[in-house]
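Peer 1: From first to last, the protein sequence lines stand for chains V and G.
In terms of the numbering used here, the first sequence opens at residue 2 and continues consecutively.
In terms of the numbering used here, the second sequence opens at residue 2 and continues consecutively.
Keep in mind that the hints were calculated from the coordinates and are not lab data.
Treat the hints with care, since some could be wrong.
Stated by the list, open to error - With a straight-line cut-off of 35 Å between C-alpha atoms, the simulated DSBU-like cross-links for lysine-lysine are:
id, chain 1, residue 1, chain 2, residue 2
1, G, K172, G, K223
2, V, K125, G, K172
3, G, K124, V, K125
4, G, K123, V, K125
5, G, K172, G, K124
6, G, K123, G, K87
7, G, K83, V, K125
8, G, K83, G, K124
9, G, K87, V, K125
10, G, K123, G, K83
11, G, K124, G, K87
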Amino acid sequence: MSATESTATAQNPLGSVVGHPTTMLRVLNSEWVKTRTLRSTWITLASILLVIVALGVISAMVASGDISPQGGPGPGRARSLGPLATVLSGANLAVLIVAVMGSIAGAREFSTGMIRTTFSAVPKRLPVLWGKLIAFTAVYAPVVVIGVIAVFFLGMRVLDAGGAATVNWSDDGVARSVLGTAYYIVGLGLIGLAIGVLLRSTAASIGVVIGAVIFLPALATALLPSSWDEVLKYLPSNAANAFTGNGQLGGALLTPGIGFAVFTAWIVLAIVGAAVVVVRRDA
Amino acid sequence: MIEVQDLTKQYGDVTAVDGITFTVRPGIVTGFLGPNGAGKSTTMRTILGLDRPTSGTATVNGRPFRDSRTPLTELGAMLEAKAVDKGRSARNHLLAVGATIGVGRTRVDEILDMVGLADVAKKNAGGFSLGMGQRLGIATALIGNPGVVMLDEPVNGLDPDGILWIRNLLKQLAAEGRTVFVSSHLMSEMELTAEHLIVIGRGRILADVSMEGFIAMSSQHKVIVVSPDAGRLRELLDGPDVTITSTEPFRLEIDGIESPRVGEVAAANGLVLHQLSDIAPSLEEAFMELTADSVTFHGSVSHEGTAA
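Go ahead and model the full structure; you've got the sequences and the hints to work with.
Peer 2: Pasting the structure below:
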């Protein structure tokens, strides 16, 4: 403390600031500031765009024979996925990235201790959860949507140029599958965020989201006898497969509409669980 | 104004706070003293609404803090300096916190300047020293210009300069009519800052008194004399109700005679005095006396009586 500073504070130690009521909008702004001031946010957004677009275009090039996989005979496995699944192949990796970012967005403040500062500023707490969910969606949804739409048109041009089969945006179910994929990616991010808040540990919530939500349904569908399909198709990623058109796992799927409703129900369930815990548990 | 009424907080089987009642008034610095594990932080966490009381109530300005419409301008608190995200700069941390009450860059820069962090405002909080982290925690608590300030161990990790600064700041805040509630396990620090004391031990209130009252509760006032004629002086002063001890040559510790009387006796007999002083028991001693039975975590040395 220099002498001048001491003199200044002697007259009016805290300045003359008058605070405004802590509204939902102000809490949302606070969460937005938190999101944009972490460098990892921007790095991740860039990598999501890169993964979705680059992997999709590369897959399209492989499928159309422009490039061949090492040792492979040219147009190989990728073509058997169908044009839509081929150009959206980057989405599988993007799902993992966004789910991890969601888990971090939910658990990070609990592991750093920042949550105590946050809850001291917003003791009602629930607005913080809403703020995090909205800020997360506002940051990731546009990038994911732009990514899948961009890779659809880029990828189809590549396939077309290579003489491979293509589909049109206006074809039955195509727009639904492309935008559904974006919804699945962002939705899993929100589930990750809710689980992060529930578990308060970045590592644990990443494990649960990736293990239990993404891989377990696929694994169970593949391993359990088909009599289980009636149950398994309601699991989050299987329900999502019904509207992303990414159902190469076999197993009976729900109709797209019901799949959408079931997947949405999973998101809501995770968020409600997080909300109950946020209000009740000691911070 | 902070009011705590019959507050009890249990974590599982452990009762951290056991039916305490006290009021923290505006206009003075109130010290919250207790050994480690006495329940200071738990009490503060409950006032702040971070922990739910098992029973009883804690209110800020007459209502639970959760019901505050402008939380940061009502109660500014620092419970632990590490309640920040290490990946964010001090400035961005304060921008995020300030956004909840609609204050922006101007205020953030002002408060950074006030706590002496202006030069490192753009550095990540993760690289901060303990003292810098403490200053950032204090900035976070004060950004909303709050009427009630609650700090848990604020001088932890501060250098002497910083300690002096926080001491003066707390006194100024109280002089402005704010409610200032500060915990510490360092009695010597409280002695210089607080006017009123709430002492807690094992989750119960042991004392809720003014600083003078607290010191008066302790019995040990002494006069210290250093004199080359200590032996002669001792003979002259000795009498009933007087206890004189000497731990080193030429030095007497006198209990039962006021220092002016000691000086007069010495002058009347032509004795040379090198030093004559009063010693009030330090707050530390008074505190030790009071909390001797309620310390949760004894060092092994204090268990010598029970050692086999």
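Peer 1: Each hint: holds or not?
Peer 2: Hint check:
The straight-line distance between the Cα atoms of K172/G and K223/G is roughly 29 Å, inside the 35 Å bound, and the hint therefore holds. Restraint check for K125/V and K172/G: satisfied, since their Cα atoms lie roughly 31 Å apart, inside the 35 Å limit. A C-alpha spacing of about 31 Å is found between K124/G and K125/V, which places the hinted pair at or below 35 Å, so the restraint holds. Simply put, K123/G and K125/V have alpha-carbon atoms about 30 Å apart, close enough for the 35 Å limit, and the pair holds.
For the hint pairing K172/G with K124/G, the CA-to-CA distance comes to about 30 Å; that is within 35 Å, so the pair holds. The suggested pairing of K123/G with K87/G holds, with an alpha-carbon distance near 12 Å, which does not exceed 35 Å. Distance restraint check for K83/G and K125/V: the Cα-Cα separation of roughly 22 Å lies within the 35 Å cut-off, and the hinted pair is therefore satisfied. Restraint check for K83/G and K124/G: satisfied, since their Cα atoms lie roughly 15 Å apart, inside the 35 Å limit.
Restraint check for K87/G and K125/V: satisfied, since their Cα atoms lie roughly 25 Å apart, inside the 35 Å limit. About 17 Å separates the Cα atoms of K123/G and K83/G, which keeps this hinted pair within 35 Å; it holds. Taken as a hint, the K124/G and K87/G pair is honoured in the structure, with Cα atoms around 10 Å apart against an allowance of 35 Å.
Violated hints are absent here; each numbered hint is respected by the structure.
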